[in-house]
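Chemist: Sequence lines, in order, name chains A and B. Residue 384 in this note's numbering sits at position 384 of the first sequence, and the numbers go up by one each step. Residue 1042 in this note's numbering sits at position 42 of the second sequence, and the numbers go up by one each step.
Calculated from the structure, these hints are not laboratory results. Since the structure is predicted, the reported quantities are computational estimates derived from the model, not experimental observations. Certain hints may be false.
[Stated by the list, open to error] The calculated lysine-lysine pairs, modelled on DSS-like cross-linking and capped at a C-alpha distance of 27 Å, are:
(1) B/K1150 <-> A/K23
(2) A/K10 <-> B/K1149
(3) A/K423 <-> B/K1149
(4) A/K559 <-> A/K580
(5) B/K1158 <-> A/K10
(6) A/K712 <-> A/K722
(7) A/K580 <-> A/K10
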Amino acid sequence: MTDFNYIGKKTSRPDGSDKVAGKAHYIHDLQRPGMLYGKIKFSDHPHARIKHIDTSKAEGLTGVRAVITATSTPEIRIGFLRDNFALKKDKVRQYRDEVAAVAAIDPEIAEEAVDLIQVEYEPLPGVFSPHEAMKEGSPLIHETDAQGRARTDNMVPLKFHHESGDLKAGKNKAKSLVEGEYSTPMVQQCCMGTAGCIAEFDMSNNLTIWAKTQIPFLAQRDFNRALSDMGLPGKNTRVIVPTLGGGFGTGLDTHAYEYIAILLAFQTGCPVKIVYTRAEEFANLSPRQSSTTKIVQGCDRNGKLTFREVEVLQDNGAYTSWGATYPSVMMMPATSLYRVSNVYFNARLVYTNNTYCQAMRGYGNPEHTWALESNMDELAQEAGIDPFEFRIINRNQPNETTPMGLKVSTCGLKECLETVAGKLGWKKKPKKGKRTGKGMASLIHVGGGGRIYRSDASGLILKLDDFGNVNVYHGGVEMGQGLHSVLTLAIAEALGVRPEKVLINPTDTGTCPWDVGTHASRGAFMACNTAILAANKLRSQIFELAEELFPKEAEKNLKKFMKKNPDYKPPDFDVSKAAKRERFELRDGFVFIKEGPQEPWLRIELGRLLRAIHFRSQGQMLTTEVFYDPPNELPDFEKGFGNISATYAYGAQGAEVEVDTETGEVKILRMVAAHDVGRVLDPQGLKGQIYGALAQGVGYALYEKLESQQGKILNPNFRDYKIPTVQEMNFPIDLEFIETDDSYGPFGAKGVAEPGLVPTAPAIANAIYDAVGVRIRDLPITPEKILAALKQLKQIK
Amino acid sequence: MKIEISFILNGSEVSVGIDGHLRLIDVLRGPLGQTGTKEGCGEGECGACTVIIDGRAVNSCLYPALEVEGKSVTTIEGLRAPKNELSVIQQAFVEQGAIQCGFCTPGMILSAKALLDSNPNPSEEDIRDALLGNLCRCTGYVQIVEAVKKATAQLKGKK
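Given these sequences and hints, build the entire structure.
Modeler: Encoded structure:
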C-alpha cells in the first residue's frame, strides 16, 4: 500500500470551524444593498385554464415595487425538454404552478401583495396516476410540445430501453422464476436549508445570481438563454454559490423561482431575493419521483441467474426535469448488478397533474435496487438457496464487461457481502420467541463520474502566491458532503504542501473553470483527479525554475546558518550540480534535493522560492489550470449501451430487525454497511457520508412519503412528513470500507456519495421477511402494511 | 409603533426597538445580525433556530420577541471566546466530523450545551432526548452523538 502524508489520515473539514461558530453564510443570510423580497403566487388548481389575473390591488399596496405575470413578461421556457415556463400563461398543470409574482421592500408586504392577486380559473379534469394518464381519451396535460407540435397522449417523449442476449432462451433455462411488482413513493430531499436565490443586474444588464445550485455552469447556460428570451442576447450570468444547506439533488435543475427572481430584478432594477419557507419547499420544490417496477428473474439449478426482465413506470408529474432521466441510472443495476445475461429493460414516463419531480441522491438507483434486491431474496427462497450464498454465486467480479457495456475495473462486491454476513452473524439463528430477522442487499453505482451530458469534465485552477499559499478555484459544489475536505487533502498530498496552506475559493462561474455539476457521486473522484494533474504540472514548473534559483537561495541560507553556527562545516556537496529538476522534491511546503544531505539550509520554504521566482527581472507567478474529462462514454439510452462511468462502486448492507406483531412496528437492532470505496480519502468525512445516506435509506424504508391527493401535497411539514430523528437512528451501525485501489480513481478512490442509501430499504425489507414472513413490496414499510400482511398471512395459513 | 425591549444577549445588555408581533428569531437575525441562528421550518419542528434562554434550549421561531425582556439569551455567536477560540462542544463537533452542510449545527450545539450546563454527566439516552427536537438530514446523527459524548468527557476533565 502506498504511504500517504494526508490521504486517509484523520483531519477536520476546512469549513468546520465556521459552521460550528455560525459564521457560514447561506442564501438565507445574504443581503444586497437595496434588496427587494420576491414572493410567488402559486396555482389554486391542479389543472385549469387561466382566464384572468387581476393584479391591481397588489400593485396598489405600499411597498410593492413590481407585480409580474406571464402576460407582462417575456416567455421563458425551462427544463431540459423545455415543457415548463417561469410563469404560466394559458393554463396550470399542477398545484404549485407559478402564476404571478411580487417584489416588495420586505417579505411581509410581498406576502400580503401575493394574497391580493386574484386569479380566475376554468378548472379542467385532472389525472393523478400514470395508469389514469395513459388511458385513451385521458385529458392531455400538454396539448403541444416545445416545438408547438400537437401531442396525442401523456407519455413523456424519452426512451430508456435495453435488450441483450435471448430472453426466451434465458426463461427456458430457468429452473426457478419469480415475478414481483415493487413500488416507491415520492419523497422529499428535505435539505435543512430551504431553496432560494438573489438575482441582481448591473448597469450593463449582466446578471449575477447567488444560487443554491449543484450545477453552476449549466445554470449559467440556462440563465443566459433566459436573458436572451428577455431581449438581452449576449448578456452574461455570473453564478455564485453560497454555503449550501444541503443539496441531495435539488440543485441539479434551474427552477422557476430563480427565473422569477431574475424577471423581478430586471423589472425593478434592484436585487431580488426569493427564499422558500418550509411549507413552500415541501409543496413547491420537486421531490423524488414515485415509481413502479415489475421484475421477473430466473435462475438455473445451480442458482445462476439466467435472465432478468424489467418494466418501469414513472410518474413524471406535470413537467420534465433532469430527474426524469432516472431510468438512465436504473438501467445500471438492471443490467449489471450481479452477473446476468439475457436482459430486458424498459422504462416509461408519464405526465400527470401531480407535482413534477426531480433528482434526489441515488437518482433512480434506490428505486431500482429496492425492486431488484427484494426480488433476489424471493428468488433465492424459491430456489431453496440461502440469500447470501445466492448473491455470492451471482456476484460481479473484477475486469468483467456487463450486458450494458459497463467495463468493471475493480470490484469488491464479494468482500462486501462476506463482511456483511460475517458482522451480522448471518448463520446464527435468532433466539426463540423473538420476532427478529436478518436481511442484506447489494449495490452497484457509478464511481468514476457519470456521463449523462456531452461533457463529464471538471476543471481546476491553482494559483500560488508569494506566501506559499495554494489558492484554489474549482467549479464543483460543496453542499456539506465534504468535497472541499478531500480536495484540500488531495492538493496537499499531490503538491506537497500542508493542508492549511490550501485555500479554497467560493464556487463562482466568473472565476472557476467549468464543471458539469456535482452529481452522480462524482465530486471527489473528479476534484481529486484534477488536483493530481494540476499538482504535477505545478511541481514540474517549480522544479524547472528551481534549477537556477534553488542554489542561490540555498547559498543565502548557508551564509545565515554559518553566522549562527560559526563552527559548522558544510558537507562536501555541489548544490548547483545536484539542482536538477528530476532530483527535487516538495513535501510539507519545503523544496529539497532527493538523496541530498539533510541539512536545514538545504530545505527552501515554498513561499520563499516563489518569491525568488516572482521578484526578479522578468519574474513569474505560478498559476496552473487543468481540465479532466474521465474515460467514460455517453450511453445510448434508447439502446441501453455504454460505459457510463470510469469505474463502479459496489457495496452491501445488512440489517437485523425486530418486528412487533401486535403493532407492526419495526425496530432496527443494528446495521452493517460494507462499501467498496476504492480508497479511503478522508475517513471522518467518508463515515459521515455513509451514516447520513444510510439514515436517508432508513427514512425511505420505513417512514417517508410525500402524501398527495388530487395533486395536492397533504403533509408539507416535519410534523406530518417524518424524517429520521436521533431516536430512530438509535442503533449500532458497523461500517467497513473495502479498499480496491482503482486505477482510474485518484489515489485509488471511487465515488461514495450516493451508495450509502441505495441498498438500505431492501436490506431492511429482507430482514422483516426473515423475522415474520411478510414481504412488503411498497415503500415505506409502515406498521399498517405489516399488520395487514400479517393478517393475510394468518388467513392463508 | 416600535416597542423597546432590553435583554442580555451573549453576556451583553442590548436594547432594540421592534414591532410587537415579531418572533425572537426575527429580532436576532434582523436588527441584531445574529445570523448563526437558522430558520429551518418556522414551526418549531426542526430545531435549527434553537437558542438558550435562561438556561433552557428554546425554538426561537416560536418565541415572541417581547417575552425575552429582562432574560438572558445565548446564541451560537456567544459560544466562541474572543480571538475565535471555539468552545469545548464546538471543538468536539469539528473533531468528530459531526458537521456536514452545517445548517442544523448551531441549533444542535446549543441543545447540547443546554443539556451539559444542566446535566454534566448525561447518559447516551439523555443526549438523544436532548437532541430529539433537532433534525439533521446529512449525518445520520452518529458523529453528533459521539461529539456530545466527547465534549462531556472533556468538560468533566476540566473540572
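Chemist: Would you mind marking each hint as holding or not holding in the structure?
Modeler: Evaluation of the provided hints:
1. B/K1150 <-> A/K23: holds, 23 Å
2. A/K10 <-> B/K1149: Cα-Cα ~19 Å, so holds.
3. A/K423 <-> B/K1149: holds, 25 Å
4. A/K559 <-> A/K580: holds, 22 Å
5. B/K1158 <-> A/K10: holds, 25 Å
6. A/K712 <-> A/K722: holds, 18 Å
7. A/K580 <-> A/K10: violated, 35 Å
Comparing the model with each earlier hint shows a violation of hint 7 alone; every other hint is respected.
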